[in-house]
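A.B. asks: The primary structure of each chain is shown beneath.
Protein chains: 2
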Amino acid sequence: VLTQVPATALATDLSRPPTTTWTVRAAKEVNYCVRVANNLLAPDDRTLITAGGTGSRDRRRRFLVVDAAVEALYGERLRRYLRRHGAEYEIRVVKADETVKTMETVLGIVAALDDFGIDRRRDPIIAVGGGVVLDIVGLVASLYRRHTPYVRVPTTLIGLVDAGIGVKTGVNHGVHKNRLGTYEAPAETLLDRSFIATLDSRQVSNGLAEILKIGLIKDRRLFELLERHGQQMLDEKLAGRTPNAEAAVREVLSRAVHGMLEELQPNLWEHTLERLVDYGHSFSPTIEMRALPELLHGEAVCVDMALTTVIARRRGQLSVSDRDRVLAVMRRLRLPVLAPVCRVDVLVDALRDTVRHRDGQQRIPLPVGIGGAVFANDITEEELASALEELTELAVAE
Amino acid sequence: VLTQVPATALATDLSRPPTTTWTVRAAKEVNYCVRVANNLLAPDDRTLITAGGTGSRDRRRRFLVVDAAVEALYGERLRRYLRRHGAEYEIRVVKADETVKTMETVLGIVAALDDFGIDRRRDPIIAVGGGVVLDIVGLVASLYRRHTPYVRVPTTLIGLVDAGIGVKTGVNHGVHKNRLGTYEAPAETLLDRSFIATLDSRQVSNGLAEILKIGLIKDRRLFELLERHGQQMLDEKLAGRTPNAEAAVREVLSRAVHGMLEELQPNLWEHTLERLVDYGHSFSPTIEMRALPELLHGEAVCVDMALTTVIARRRGQLSVSDRDRVLAVMRRLRLPVLAPVCRVDVLVDALRDTVRHRDGQQRIPLPVGIGGAVFANDITEEELASALEELTELAVAE
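These protein sequence lines map, in sequence, to chains F and A. Yeah, the first sequence ends on 716 if you go by this note's numbering, and it's all consecutive. Yeah, the second sequence ends on 716 if you go by this note's numbering, and it's all consecutive.
The set of hints was computed from the structure by calculation and includes no laboratory data. Check the hints yourself; a few may be wrong.
A pair counts as met if it fits within one copy or between any two copies, since identical chains are not told apart.
For lysine-lysine, the following DSS-like pairs were computed, each having C-alpha atoms within a straight-line distance of at most 30 Å [said to hold, decoys possible]: (1) LYS346 x LYS495; (2) LYS413 x LYS486; (3) LYS555 x LYS346; (4) LYS346 x LYS413; (5) LYS486 x LYS555; (6) LYS555 x LYS413.
Computed from a prediction, not measured in an experiment: that's the story for all the values here.
Based on the sequences and whatever the hints tell you, model everything.
C.D. replies: Next comes the structure, spelled out in structure tokens:
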């Protein structure tokens, strides 16, 4: 929901024309809600049908964009749910992968939206899927009639704790990832971990990597929860089969989401390029692209975190035992700490790219102990080579 | 220039997980400058080359998008200017009319921008042209890497006082005008009326219609300036050939821009649907579309204003003599007060469309005297028919 805060006055005064310069000042207030909402498709649950909307019960219209994988597993339940709540609906299924993350897909959804017709002040668009679907639909919503409210329902773990809870939207263009996009807050993001049950376990690990990131840079207790319960969480796909496991899952998700939002909120439009949440995202974009399709996003992030953990240890910011605890947790979450693509020249290329994206400086978050971080701007090629050598030994010794 | 104001705190508290709901609040401050800057292409003027940029003199790169008509008239001077100021530049020429106002054109510009390469923190995109070019480039700038600064240089009178000074961007999609767009403030808008000299006089009248609008609804002195000097302004294409004429042109432009910005600033994202600047824009969208290509935008707006002037008179909000003054000024500015397409059924259709766009209510600004207005929600078909009859008689009697 976007509301407007009172704008400051015009800098000039109408009583004294002719003036020649005007400064227009205003502030757009962004205000959105992220909620844990388990089992959204339960027949009598009203969370999903009321989310982000103001329409009365008798003329509820909902346009949904759903990931093909989600459609196959949950499509029938979703339709039953919508019918039960008396909604007129249209479901647009998108086979979501990076190749369809294009403006063409955006325009296809826009055309379907035009055909269906929604009252953009009352009927939110609902996105159900992983990061790709959420990014595409967010862009549709920000462009359609210059803003249409939308609701995010992430169905992957990485979506639940990372891609789904921010405000970034985007599509790829040419060879460039997310080259075109906007910052557009959803009306609501609904976090339903029951979708995780049908993910394959590598996708669960993929999401756990982003949770681990938050633990490593700012929340030691979150790290310790993963150390103690991470393996079981992965095995049970976050189902929480015992009261203890359930409590741990809840606290892990809550801390991960909270930690992420704490970082995003003061920097929603990324004016600051020193972002703690970029931890694990300095070398990984290049690692991920060069290794495609071998590494998932979270896996590449984990390799980056393993490397920077070693760099931090070599700088004396982390003890040997903490380094080994970190690497042990990564293994327990079945995440890689190294990949064949990691050669020194690739890391140097990655660093150069990152510097270019961060306006000429490295701004690389490096751990200080477990749960703390600083930004480094002085990582050298030699340091990368030594750290890579140490990491290789540790990975082989395993 | 976008800067961020301090965000309010998270509504929840990390010390008490597990929580289940987070509210993210932040405010994006928008702050942009509209400046009168005559003769931007004068060889030694530094306004254009420094606008919106922070690059040092020795690595200035500028990507410009220029209307084909402007390119034909000013392209050589523009290139000379850029070379003189040591800029590396790329000029993308767009034959700007409604048919190329599409996402395809946006993507073509994006590809050219990728090829040229800019530092989006230092090198603004510069748009030079009428409303179509400004709208397209604004959309490019808001999408490219989720925001790239841009500078608007309107070259039409309607651009100078209306399309160029707000924050709306957009392209058409399917049959829908501006179906896809954003609100994205430019870094700066530079108002150079020397471009008006090469417009044909019908295009000057077209812009004067939007100036007249501001006078009618909120600035009686502006109306009176047009009454006294409008015809000469039109004949001289705003060149101000005598000191008196020059003073009048300056005051008219200053008041028009100021009046417009005063209305836009508190409602930059159009949360309020009661907009005084919608005066003349309730019936005109339909009139303009049905009459295409017969009527220019400002001409259709003028027909709408003539009709609503008569409605206001019939409601006793305006005297007969004021009504006649208004119609006389329209004629003096060589603007139509009626068009063959204006039948009662067309006006009824137009009203229905407008009500749909304004969330179920008419919200039609109607003059109260000259320089004042109220919003009407109760205009009937009978009233439209009577007003049209009266306007037809007045137009014939002319």
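A.B. asks: A separate judgement is required for each hint: does it hold in the structure or not?
C.D. replies: Hint check:
1. Taking the shortest alpha-carbon separations for LYS346 and LYS495, both the intra-copy value of 27 Å and the inter-copy value of 25 Å come in at or below 30 Å.
2. Taking the closest pair of Cα atoms, LYS413 and LYS486 come within 30 Å of each other only inside a single copy of the chain (20 Å); across copies the shortest separation is 33 Å, beyond that limit.
3. Taking CA atoms no more than 30 Å apart as the test, LYS555 paired with LYS346 passes in neither setting, with 39 Å inside one copy and 38 Å between copies.
4. In this homomeric assembly, LYS346 and LYS413 never come within 30 Å of each other (Cα to Cα): the closest approach is 34 Å inside a single copy and 34 Å across copies.
5. Taking the shortest alpha-carbon separations for LYS486 and LYS555, only the intra-copy value of 27 Å comes in at or below 30 Å, while the best inter-copy value is 46 Å.
6. Taking the shortest alpha-carbon separations for LYS555 and LYS413, only the intra-copy value of 23 Å comes in at or below 30 Å, while the best inter-copy value is 56 Å.
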